[in-house]
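**Student:** Take the two lone chains, each set in its own frame, and fit them into one complex as the hints suggest.
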Amino acid sequence: MGLFSRRKTVFVDSDILVIGGGMAGCGATYEARYWGRDLKIVCVEKANIERSGAVAQGLYAINTYMGMRWGENQPEDHVRYARNDLLGLVREDLGYDIARHVDSCVHKFEEWGLPMMRDPETGRYQREGKWQIMIHGESYKPIVAEAACKAATEVYNRIMVTHLLTDKTAANRVAGAVGFNVRTGDFYVFRATAVIVCAGGASHIYKPRAVGEGMGRTWYAPWSSASAYALPILVGAKMTQMENRIVLTRFKDGYGPVGAYFLHLKTYTENAYGEEYESRWTEHTRNLVGDYVDKHPVPTCLRNHALLEEQKAGRGPIRMVTKEAFQDPHKETVGWENLLGMTIGQAVVWASQNIDPKHTNPELTTSEPYVMGSHATCSGAWASGPEDCAPDDYQWGYNRMMTVDGLFGAGDTIGGAAHKFSSGSFTEGRIAAKAAVNYVNDLGRDRPVVSETEYQRLKKVIYQPLENYAVGRNEIVAGTVSPSYLLPMQGLQRLEKIMDEYVGGIGANYITNEPLLTRGLELLEMLREDLDHLGAEDLHQLQRAWELHHRVVASESVTHHTMFRTETRWPGYYYRGDYPKLNDTDWHCFTLSRFDRESGTWELETAPVHHIID
Amino acid sequence: MPTFVYMTRCDGCGHCVDICPSDIMHIDPKYRRALNIEPSMCWECYSCVKACPQNAIDARGYADFAPLGHSVRVLREEGKGTVSWKIKFRDGTEKDFVSPIRTTPWGSIKSPADYDAPTGDSFTDQQLAHEPEFLKVGELPTLDPAGQETD
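These protein sequences, in sequence, are chains R and Z. Take the first sequence: its position 134, counted from the start at 1, is 134 in my numbering, and no numbers get skipped. Start counting at 1 in the second sequence, then tack on 614, and there's your number in my numbering.
Pulled out of the complex, with its shape left as it was, chain Z reads as follows (with noise of 0.2 Å):
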């Protein structure tokens, strides 16, 4: 299922373009509008189904192997939270799944920066940023150097 790009819809904005991890999302020269210029190297990831703001692009399967008539829709609404898809099959079954993608705000991770600045031993240990706190279990594992074994 590459992507393609309903004429209609579509205003130009470049959000998929930006997004699209292959780049093969571009605005086309003539139309001022985006396209998929290279479908087969598209892995249906849908991040540009997802960032398109008229919700202007679809996915037809690949035609090696995906007969017509189908359709996978998503909607991803950051503001509440969820990714909601419809699947149709050929035969006109359907089936919807809504799923929560985030617990938190977006923006809302602190830096690491905000965080107190480590000193002394803590560069030369093993440890990490927010160890052992966020191990949860007291102190990081270690081997005994005395215990290994070669062969």
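In isolation and in its complexed conformation, chain R is listed as follows (with noise of 0.2 Å):
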């Protein structure tokens, strides 16, 4: 390999390496220590753990938990809500046993000191909604990243992991993970018995409203790069439910959150013209997917969904009305800290362009699609379910393994079980943990061994970029446009461009169809083979490489899959313009499929959906 074969390698041995330091990682590495006093725990982290994933920038609420010991909530009511608002498709097993653990959770970060709010009458955790409470979470990430840190062996961070390796001589088995180091350019092969994968779903798959200086303002964290999704697929474990992207209605711009403004300042929306609209459209929408209109919440789809009818009728921009609310001085303080708190440059959008809520209603819009397994939406890995409560067709195995020996999952990684947010991915992390600890201990001496040959190849694979562009580079005068390389942006643009005009984005008003899919594909397939032609100036741009690969990976699974479900299952997030309606009678299911690295093809299959909760 010439130019770069003198990069040096690191090998890290472990029992069991934790792929992720967001929330779900850290709440597995936490557990695996618990259960695992004498293993060798390992977390792997693209960035640095005290502030990576989702929760980063912090959060100004927990959106899933029970209160079971003020008898406020069930876990079974949990389960009901997540399956109305998913429309009927959710695996139940895993819902029922994130909300069953949930409280624990939350109860330990208080006790690790995140600053809850109180009501002041009853002493309880202050509710933004039935299942929201309302916290101080600036230090949100940092206090549940200090527990890990504590809880692990080794935490590296500035890795990124490109691959999993699979055990010599059982293909179906995991046996570890390759990726280099951001900082040093060192490769690195992290050899364990059981692998968590805890990496981040999927934005920028699809392109943003914003594509100049903003486009790093969408609303999912940019660095959310579909490792959650590559990297089990590569290795062909199953998928479920990959075509159910998420679309957020959020405030203009800065994609700012509306939960509170919505549960707790009771703001509500309008039309241009002051009018009430999403009675409007309730019996258009029945039309289309039947009694669930009726369900109470409103589907998150559905309410997208008469956002953009109504739009689409000439009556935009929709706004929140805050002007009432905001009147009121803690209401106030409340609405500015929750921008604050989350997502400061929706503070920023209304500072610089003198949007005083007080005195003027915001504009809502409809964000571009996502793939996530935690939000209202449950993309992700098909994983066995719970030994004491799963159906026999859901369980193969371990709790949270996939259908790869050894592989575990949590958080944005594992499909079928939609609102999760942040206290249910670090509990799904340590549900996984336990599960692992179990596998490693159940294996005895019987370890998996790396492959050589295979961690050999990747790494010429994983460093190509930098060698592509060194050779590459010499052909031009300067700039970036070169016949022989793509710069890792470019690759980007590409994909988001795909993903938007065929797969359903904003350009296309998230329409898509059987052709547009084909023609989709066709050139997602075009898109992956010039990935072996991505050109990288620097290890930062072998990171947006590989990150690309990823998310083209990912968007491959999404296409295929909103192919194969032929019906209009979650109007608000796409639409399948040839089967417009959502069709109970043969699409009450799950979608799952596997990507077969041997011949590179895709295979698509069904299974039930099993009701255990009435």
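Okay, derived cross-link-like pairs now, DSSO-like style, lysine-lysine, Cα gap no bigger than 30 Å in a straight line:
no.: 1; chain 1: R; residue 1: 295; chain 2: R; residue 2: 130
no.: 2; chain 1: R; residue 1: 459; chain 2: R; residue 2: 40
no.: 3; chain 1: Z; residue 1: 702; chain 2: R; residue 2: 266
no.: 4; chain 1: Z; residue 1: 750; chain 2: R; residue 2: 150
no.: 5; chain 1: R; residue 1: 8; chain 2: Z; residue 2: 644
no.: 6; chain 1: Z; residue 1: 724; chain 2: R; residue 2: 40
Listed next, the stretches of chain Z that the computed footprint assigns to chain R, with coverage defined by at least 3 CB atoms under 8 Å from CB atoms of chain R:
no.: 7; stretch: 654–660
no.: 8; stretch: 708–716
Derived CB-CB ranges, DEER-like:
no.: 9; chain 1: R; residue 1: 358; chain 2: Z; residue 2: 720; range: 30 to 38 Å
no.: 10; chain 1: Z; residue 1: 622; chain 2: R; residue 2: 71; range: 57 to 65 Å
no.: 11; chain 1: Z; residue 1: 720; chain 2: R; residue 2: 328; range: 28 to 36 Å
no.: 12; chain 1: Z; residue 1: 681; chain 2: R; residue 2: 473; range: 36 to 44 Å
no.: 13; chain 1: R; residue 1: 511; chain 2: Z; residue 2: 669; range: 44 to 52 Å
no.: 14; chain 1: R; residue 1: 511; chain 2: Z; residue 2: 618; range: 35 to 43 Å
no.: 15; chain 1: Z; residue 1: 622; chain 2: R; residue 2: 328; range: 38 to 46 Å
no.: 16; chain 1: Z; residue 1: 700; chain 2: R; residue 2: 328; range: 18 to 26 Å
no.: 17; chain 1: Z; residue 1: 752; chain 2: R; residue 2: 530; range: 56 to 64 Å
no.: 18; chain 1: Z; residue 1: 736; chain 2: R; residue 2: 9; range: 34 to 42 Å
Hints are computed from structural coordinates only; laboratory data are not their basis. Since this is a predicted model, take the numbers as computed values, not measurements. Note that the Cβ used here is the ideal one computed from N, Cα and C, for glycine as well.
**Tutor:** Structure, rendered in structure tokens:
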């Protein structure tokens, strides 16, 4: 491999490798140590665990808390809520499992020092809504990271994991992972008995509304680069509900949160002419999805749908009516601190445009689609459920183990369990880690073996963009246009354009159909081939190159799944123009896919949705 | 509001480089001070702004949609346990907010290894660390398998 053959290789051995140090990864690392006192537990993080993942900026609410100790909600209630919101299709076993444990995590956060708001009358946690509690969460992530750092044998920051490794002889068994240090450029080979993927979901696979300097102000973090999906997909793990991308209704340009505004401040929406509009679209929506429109609360996607239809009817912009609530100084403070606590950029937008919600009702808009497993959506890997309540065909091994032996996941990685949010992702990390410890203990001396041939091959592949650039740049005088390589940003822009135009992005009003998807797949395949010709000027660009790889793999998965489900399940998230209605007769089921790395083909099938809660 | 760095305040310490979740704060090789190398991948999370000991980093709203003349400044004080904000509108309006960030000393969280080690059946039941104590409801809820229905 010439120019880069002298790059140092660092081997790290562990019993349990946690990939990604966000909320799920911190939960996994903590719990792995509790049960695995003598195990070597390693957490590897692309950035710095103190401020990494989607909670890096902080949060002003914890969106999943039962309040069982005060009799507020029971886990079954949360399953019903998530099921309604996703129009019937959730893994109830996984959701129940998270809901029954989540309170103990939140209570631990409080013990660790997370400032919780309290209702002055009841002394309970201050409710924002039925499931949400309010926190002063500027340091939510550093606090949780401190717990993980105390628990881990080692935390490796600034290492981008690019691929999982499988066992030398058992192809369906995980054996570790490889990646590179973004600072030193060293090549890392992590050899592990169990791997827990806790990486991030996908922003920036669809073209965002701002495409200049503001393209980074996506709703979901720009560093969430779909590693949650690409890593398992590439070793043949089955994925589920990858078509179930999410679109968010948020404050315009900053994508600032609306939850506290709706639920706590009791602000509401209206069209440009001051009219309530959601009820106007109820019958229209009923014609598409039937009785699901009558669920309470109205499913997230259907509220998006009403907003989109109202805008198409020419009565936009839609605004949040804040002027009344913000006359109350306490509510005004909550409204601003809510932004500063988790989306500072929205405060900047309002300050720059002189939007004071006390005097001006701010505009709302819908975001481009994102792929996640933790919000009001449930894309991700198909995982084994809890032993005591998962239906038989949802159980083939340890809790949260994927269809690859020894490969576990949590947070955005695991599909079918919507409405985890920060606390649920942390909880799921804990659940996965306890199972992973049992997996390791049960194996005894039987340990996987990595293939030297495999990691040496990957070493060459991983650094290829540096070589492509170093060689190709000599062909041209200067600048960004080369006949022999693509820069990562150029590839990203092509991906976002393909997904936007062919797979239901904002430019297509979220509409797609079979001919569009077919063409989209052809273009994605050419893009995937072109990724062999990415050029990276430095290690930062090499990180961007591998983030793009992960995004492209996830995008192909999303597109195949979208093609497979011949109905419009979630109007407001996306529309199949050729199958415009929800079809419960044929599609009250999960979609499953598996990528065969030998043949490069995708196989799709369905799996039943079992309702274990009435 | 991608971040930028004031030339006269930055001393090149690299705290921002160390913390940036997006890996976009780097040290300029010529000036030996920090800069944002990729503003279009900045989430405006303010991690670098908060981490800067010199208060050398600020943000200017994204050129695509933010008119000039505003500022959102932050001071995060771990010793006092607070984060303080000053918002200045383009029209000069100012708003100030202060919030707590932590109720316990930094570094005070116990390792899970400092608790009694779990034994026996607890490995195979459904309870996680600190349960049922931290659930604060007696015992972990379970579903009755006999009551399961499928369709």
